[in-house]
Amino acid sequence: MSLGLTSASFPKNAHAALANPPLLKAIAHIEETLVGGRRRAVDALPEFDALRDAGRDIKAHTLKHLDLYLEAFEKKVVEAGGFVHWAADAAEASRIVLDICQAAGARRVTKGKSMITEEVGLNAFLGANGITPVETDLGEYIIQLRGETPSHIIAPAVHVNKEQVAADFRRVHTDLDPKRNLDEPTSLLAEARGVLRERFLSADVGITGANFLVAETGSTVIVTNEGNGDLTQILPKTHIVLASIEKVVPTLEDVATIMRLLARSATGQEMSVYTTFSTGPRRAGDPDGPEAFHVVLLDNGRSAMLGSEFEDMLRCIRCGACINHCPVYRSIGGHAYGSVYPGPMGSVLTPSLQGLEKAAHLANASTLCGRCESVCPMRIPLPKMLRHWREKEFERHLTPKKARFGLAVWRFFAARPHLYGAATRLAAWGLARLAGKNGALSQVPLADGWTRWRDLPAPEGGTFRTEWAKRGRK
Amino acid sequence: MSSRDAILGRIRRSLGVSGTDATRLAAVHHRLTETPVNVVPARGQLPDAERVELFVRKACEIFATVARLDSRDEVPAAVAEYLRDRNLPQAIRRGEDPRLASLPWEREAQLAVTIGPSVGRDLAGLSHADAGVAETGTVVLTSGVNNPTTLNFLPDHHIVVVDASTIKGDYETVWANLRERFGAGVMPRTVNLVTGPSRSADIEETLLLGAHGPRSLHILVVG
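One line per chain: the protein sequences are C and H, in this order.
Position one of the first sequence corresponds to residue 1 (the working numbering), numbered consecutively onward.
Position one of the second sequence corresponds to residue 475 (the working numbering), numbered consecutively onward.
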């Protein structure tokens, strides 16, 4: 099973988000922290654009040889004493993880932050089978306590304020002094550290995702700042890595190149605090580390994206830069999208994974302004792919009737330039007259989606085409 | 059909390729054995002394603290001093690493040195890095019989010794050295690239140090 997709209610969700001031305040921080941080980090590295080209080329090469690199990766994992499992879809991945947990006799399971486990709905599935994994990333822990899903792929609790976190901690950590002070983020962090430390030390199985799978060495790589992913994977007897197939890269050199792009694009750091390579289980004589090492490779729709107009999306390294720079995301936050992955990357990926019928609205949740592509470290042409989805939506008659009618009217005029010119001149004249001296319209037929929120400035002169002709341009 | 065969089959159908195509196999073999270097930033490509200075500057930028020592014999005193300055008990846990075992610990009579992996009760841990990366002020730690990974994450304070001669300009040089030491395509169980102390910005995007890993990272650069 996977988490419920509510993308169909996107317009309703978006309106609700716009009327939620605490949410808007929370996401407003993104400009200074994540967007500003990225800009400063990029400015400090002259080779950044050359690295983007190299990163794109690494992923493009890998995708063209994906079958072979996956086989090479598998071989190296097995040589190092680990196990590789292949999961065609979300249900199979969840089942494999459950089987490993049950075979290990697991009662306590910890988890590092992983969007793939969100994609397959792992927590709900394990919970239904008597195992409740504890999220250990601070943001993920907070939203787990709140029964929510991440609203951002790298800052899952970006929509929550500290007062809400304090209330949740008081509600759940009932064995602690009710009079304790939780006013400051530092005291909240200290409390989470203490509570989760116990969980780390008593876990039987630790589950992490992976930022990279290295074909050369059979290593899985996680990139974190808190250190929770490392405590999740080194303390329990069993370490399970759940990763999708496009995470594989050929060599350590390739990891180095993409690593230089990842943190800068994500948080504005030059490097995340912990980049950890795990290869097989603990070796003979090792004083610590897991005794069993499992890698679950998930397809879940990705193999069908190869060779299609959406292949480039498989270069995505989940940095979140497109999300941070998206004017739509920045206006409504992540939950309104109703999909596991929000923002531009989510709007492109979700229909591929879940089917266009369930996610048709998402491609329209964009102004196609192009900021996402301009900051994407992997140079993924996100606006182009959003347009592909819009075309498919139209072709498959998933577009609402009113919009289809509007497009048909527009097409009729657009195919007849003289008629188009006459109609737009008439409209410009009519709107200017209707507006009178104000120069603005508070009501326009068929445009209440605009005028409900703000006035429409009336045309002040001729149409674009008449102005263009006046300047003598053909 | 197994899911493995189904997935690999779908990939090949989508790409319109075969898994036995000699050109494709050769391309992959070349990449995995020749391990070509991509773009390496000029930033770390410096003469020895300046490279170490860059490492120190970068480490301090990301909230690590650094002390420069002339010789490794000064490490025990530097550890004792660090603990004293922060009002911590004179106690440290370390692995059996000969580079640490051979130090003159007897000179610090007050300092209690315990050996082995951490189970979460140590305030301070000591590790020896295999390398440093000047580009970002990163230390590289590898696991092994004498080097428990738990020491890098469980203690509140992590002290790391790094030889100045092992501080390289970039990650690629470190990879080359790893291959030389462990063999091509072979890695120790755990390789940790550590860049500053543990941090989180998950509450209102406020940067806080000491999330789940060490609250502070102190680097002793020897030489």
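Keep in mind that the hints are not guaranteed to be accurate.
[To be verified] To be clear about the criterion: a stretch of chain C counts as covered by chain H if any three or more of its residues have a C-beta under 8 Å from a C-beta of chain H, and this derived list gives those stretches:
(1) 69 to 82
(2) 137 to 150
(3) 258 to 270
(4) 298 to 311
(5) 332 to 346
(6) 361 to 368
(7) 450 to 461
Note that these hints are calculated values from the structure, not bench results.
C-beta: ideal position from N, C-alpha, C; glycine also.
Against the structure, the hints come out as follows:
1. Counting residues of the stretch 69 to 82 of chain C whose C-beta sits closer than 8 Å to any C-beta of chain H gives 6, which meets the bar of three, so the coverage hint holds.
2. As drawn, the stretch 137 to 150 of chain C meets chain H at 4 residues by the rule of a beta-carbon pair under 8 Å; at three or more, the given contact holds.
3. A stretch counts as covered by a chain when three or more of its residues have a beta carbon under 8 Å from one of that chain; for the stretch 258 to 270 of chain C and chain H the count is 5, and the coverage holds.
4. Counting residues of the stretch 298 to 311 of chain C whose beta carbon lies closer than 8 Å to any beta carbon of chain H gives 7, which meets the minimum of three for the stated coverage.
5. Counting residues of the stretch 332 to 346 of chain C whose CB lies closer than 8 Å to any CB of chain H gives 0, so the stated coverage by that chain is violated, three being the minimum.
6. Counting residues of the stretch 361 to 368 of chain C whose beta-carbon sits less than 8 Å from any beta-carbon of chain H gives 0, not enough to reach three: the coverage restraint is violated.
7. Using a Cβ-Cβ cut-off of 8 Å, 0 residues of the stretch 450 to 461 of chain C lie near chain H, which falls short of the minimum of three, so the contact claim is violated.
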